[in-house]
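Peer 1: If you want the building blocks of each chain, they are given just below.
Number of protein chains: 2
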Amino acid sequence: MNKKDNVLIIGVGLCGSLLALRLAQRGFKVEVYESRPDLRKVDISAGRSINLALSDRGLKALRLCGMEEKAREICIPMYGRLMHDKQGNTFSSNYSGREGEYINSISRGDLNALLLNEAEKHENVTIHFNKKCKKVDIENTTAYFKDTETNEDFSEKATVIFGADGAGSALRKSYISERKFLFSYSQNYLNHGYKELEIPADKNGNHQISKGHLHIWPRGDFMLIALPNMDGSFTVTLFLSYDEGEFNFNNLTSEEKITEFFQKEFPDALVLIPNILEEFTNNPTGPLGTVKCSPWSYQNNLLLGDAAHAIVPFYGQGMNASFEDVFVLDEILNHFERSREIESWETVFKAYQKTRKKDTDAIADLAIDNFFEMRDHVANPLFKEKRKIEMDLEKHFPNQYFSKYSLVTFNEHIGYQEAMNKGRAQDKALLNLIADDEVHTHLNMTKDELEIILEKVNKQTEEILQEDKIAGL
Amino acid sequence: MNKKDNVLIIGVGLCGSLLALRLAQRGFKVEVYESRPDLRKVDISAGRSINLALSDRGLKALRLCGMEEKAREICIPMYGRLMHDKQGNTFSSNYSGREGEYINSISRGDLNALLLNEAEKHENVTIHFNKKCKKVDIENTTAYFKDTETNEDFSEKATVIFGADGAGSALRKSYISERKFLFSYSQNYLNHGYKELEIPADKNGNHQISKGHLHIWPRGDFMLIALPNMDGSFTVTLFLSYDEGEFNFNNLTSEEKITEFFQKEFPDALVLIPNILEEFTNNPTGPLGTVKCSPWSYQNNLLLGDAAHAIVPFYGQGMNASFEDVFVLDEILNHFERSREIESWETVFKAYQKTRKKDTDAIADLAIDNFFEMRDHVANPLFKEKRKIEMDLEKHFPNQYFSKYSLVTFNEHIGYQEAMNKGRAQDKALLNLIADDEVHTHLNMTKDELEIILEKVNKQTEEILQEDKIAGL
Chain A
213 MNKKDNVLII GVGLCGSLLA LRLAQRGFKV EVYESRPDLR KVDISAGRSI NLALSDRGLK
273 ALRLCGMEEK AREICIPMYG RLMHDKQGNT FSSNYSGREG EYINSISRGD LNALLLNEAE
333 KHENVTIHFN KKCKKVDIEN TTAYFKDTET NEDFSEKATV IFGADGAGSA LRKSYISERK
393 FLFSYSQNYL NHGYKELEIP ADKNGNHQIS KGHLHIWPRG DFMLIALPNM DGSFTVTLFL
453 SYDEGEFNFN NLTSEEKITE FFQKEFPDAL VLIPNILEEF TNNPTGPLGT VKCSPWSYQN
513 NLLLGDAAHA IVPFYGQGMN ASFEDVFVLD EILNHFERSR EIESWETVFK AYQKTRKKDT
573 DAIADLAIDN FFEMRDHVAN PLFKEKRKIE MDLEKHFPNQ YFSKYSLVTF NEHIGYQEAM
633 NKGRAQDKAL LNLIADDEVH THLNMTKDEL EIILEKVNKQ TEEILQEDKI AGL
Chain B
213 MNKKDNVLII GVGLCGSLLA LRLAQRGFKV EVYESRPDLR KVDISAGRSI NLALSDRGLK
273 ALRLCGMEEK AREICIPMYG RLMHDKQGNT FSSNYSGREG EYINSISRGD LNALLLNEAE
333 KHENVTIHFN KKCKKVDIEN TTAYFKDTET NEDFSEKATV IFGADGAGSA LRKSYISERK
393 FLFSYSQNYL NHGYKELEIP ADKNGNHQIS KGHLHIWPRG DFMLIALPNM DGSFTVTLFL
453 SYDEGEFNFN NLTSEEKITE FFQKEFPDAL VLIPNILEEF TNNPTGPLGT VKCSPWSYQN
513 NLLLGDAAHA IVPFYGQGMN ASFEDVFVLD EILNHFERSR EIESWETVFK AYQKTRKKDT
573 DAIADLAIDN FFEMRDHVAN PLFKEKRKIE MDLEKHFPNQ YFSKYSLVTF NEHIGYQEAM
633 NKGRAQDKAL LNLIADDEVH THLNMTKDEL EIILEKVNKQ TEEILQEDKI AGL
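Quick mapping for you: the protein sequence lines, in order, are chains A and B.
Counting the first sequence from 1 gives a position; the numbering used here is that position plus 212.
Counting the second sequence from 1 gives a position; the numbering used here is that position plus 212.
In isolation and in its complexed conformation, chain A is listed as follows (with noise of 0.2 Å):
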């Protein structure tokens, strides 16, 4: 591991354009390869997530890279959530019962031409676009390109290659097709595809319903959401079974079967949204996929972001566990730095590896873990008991209580796994308090009977941690 090095990044998308940043800001010699046209240049949107939730992990590793106060600068907070019933009665459940605690709705595309435009004011980057990866030589650190412009073949050896080339990663299938190593993979789909809308601004340029929330309306088996635009509109996504139900993807080919869907389940969406016809029938249908693979690396390759771990979006941790992924790794870094020991990249990513998968292990389950809460759960009694007890706990014991989510989303100094494995048993211990009777709830709690709530869930929460840990011996 040397300055001189020569760092290959394939993909210059949300992960790859903070890697880039990071390794320059860090004195690499970095050069980077992106499919795509340059996005400030060209929209090149269609089909994909227009908007996104930034949290405190991303912005932990955007201060990092001296990139937080302009992301913030574009961000729209959501401080919870606001449901939607059949009715369009709403009610709202808030993501934090302490201060300050909120998810950002931010675009994709402008935060990423963010991240480009700081990359390239470093002398050491360079950015190639129009350039797709084709395959990686892994053994020589050789990756191949089309030229996508000019359909010229082209080859560029470094010595060293991440892979920031997302969930279709060219390095990932190199890893697959060369076959020198056994390599554990798992492309898991999930039955329900998603395909988005737009709520539009009004005539003023305002968001028509709320921005300080991400909407959704619960519906079982299918749900839509919505995440708020800078510029008034909402991106509305509509998650749905390709094949099961009543209404499904397969099934909704004609205009009066769409209409017929919304009118009966989405009756208040269904007004703001003028061009429904048109853009279901316009905008694609995407796959909800998770990829989990092992090792990361190889030699002097590795993956990072979506291309080692693509999860589903229903914890809105996709972009921060990428962003986070960068992070860690310049901790790693800085480890064997300090400890002045000449390390090889192998080394290095052997070592990001062992800190890092098992957190992006756990948000790949708890992010299908929330697809159910979020279509589902949020409407349940039980469910909404435990949220309003949860907001009591953490607004009166902020630093003492701290729910599932607070930990995934807001606690970025533990790991993914540790909130998961914490929240799930402090889940499990409310949920059973409420079920058997043994707490119970009014409009307005004093802290005093709170205390006894925290003190009963703490102690359930740490049996239940013992007799798992005693169960796996």
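No wet-lab data here; the hints were simulated from the structure.
No false leads were mixed into what you were given.
Note: identical chains are not told apart, hence a pair may lie in one copy or across any two.
35 Å max Cα-Cα, derived DSBU-like pairs, lysine-lysine: (1) LYS272 / LYS423; (2) LYS469 / LYS570; (3) LYS407 / LYS562; (4) LYS469 / LYS392; (5) LYS347 / LYS215; (6) LYS476 / LYS681; (7) LYS241 / LYS569.
Here the structure of chain A is known, so what remains is to put chain B in place on it, guided by the hints.
Peer 2: Frame of chain A, contents of chain B only:
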């Protein structure tokens, strides 16, 4: 679905040969293609596990096909585990406290030959050896082969194609490469590989160690096991990490180091394996992988056995699960025949997966669990006390208590998933009752004492299942 349909089966290993036999018995015209030579004429055992554990689920499927008695003639019953410590001391642990519950060591090749002989008695079955399937055109149910003797390529069109072609299934690979549908797929390797060795028979052709046991040398991070063969020998298998720990497959490269390893860890086994150095050097090291996928079927194609769900060998259920596939498919066929509806194969295959997938997912996970149990937990005092209590409970309450091992292995009338859920909760209950000193045992427990334990275990198990249910909302 029609008796005149042309059925094509790829692979005539254990699963393919039982499937061919059963479909022939049901009256279908069956053509089977196998890449290897006829194992009744050529020894092709090299590198494959030459004996396997046959238990009640496998026997249930053999019974359906009228093959149980013939199989039992070549079975060696194993009544329990015999653990060997580093000093050569042994202690045993039965598989069940009930009479007549045991697993069987059986030769893979001999059992396969029995099934091939029986299948070939049917005029409507033709088996083609030395025909390697290269790929399948899944929309036209046409399989492409190479004749490995003549090198000629040819193709066969069928009404329906079954892929019983094992963990490296050509049909499964065609599902991936043809990209006609969203295919969820995982291959996960353990960090351990395996290598087979042999304890030969003594001069008189007798077994040198107890043939009524499955022998285990548990060493925490690795282990050795041995299963008896009819000829007086034992097939020994070493399970060891490729690259971790003081001794591993990557560093056991010199005769000195191999000898040092066995002398230190398995001295009593070493003296029984005369050709250790030759066998260790020449026998291949195999990987240990789990394959899961979904959907198993596409139109008129279906994956069965290892092709659909390859599992690690630690529960002794790989062959049993594959045989049970044939049993379950047969039940689905019965169901549709009884309903007198003319169903498409596609409908049959979807119904089959809906019934079966949850169970093969469960046995895959149970098999991983048992890796840790066999190499480590069996020597743990808490685990040993649990097994002692379970044997007493099964002996005194044979119709009321079934350990997880019994539920999985001997209770063939419930699915693997039900066995797993019940068994895991019960293990957790019992281990925690022992750890919390809430159940006490001594050498000669009375039935009254055991009844109190049984009630406690049942109560705790129910509570655990109920708490999990509430936590899952």
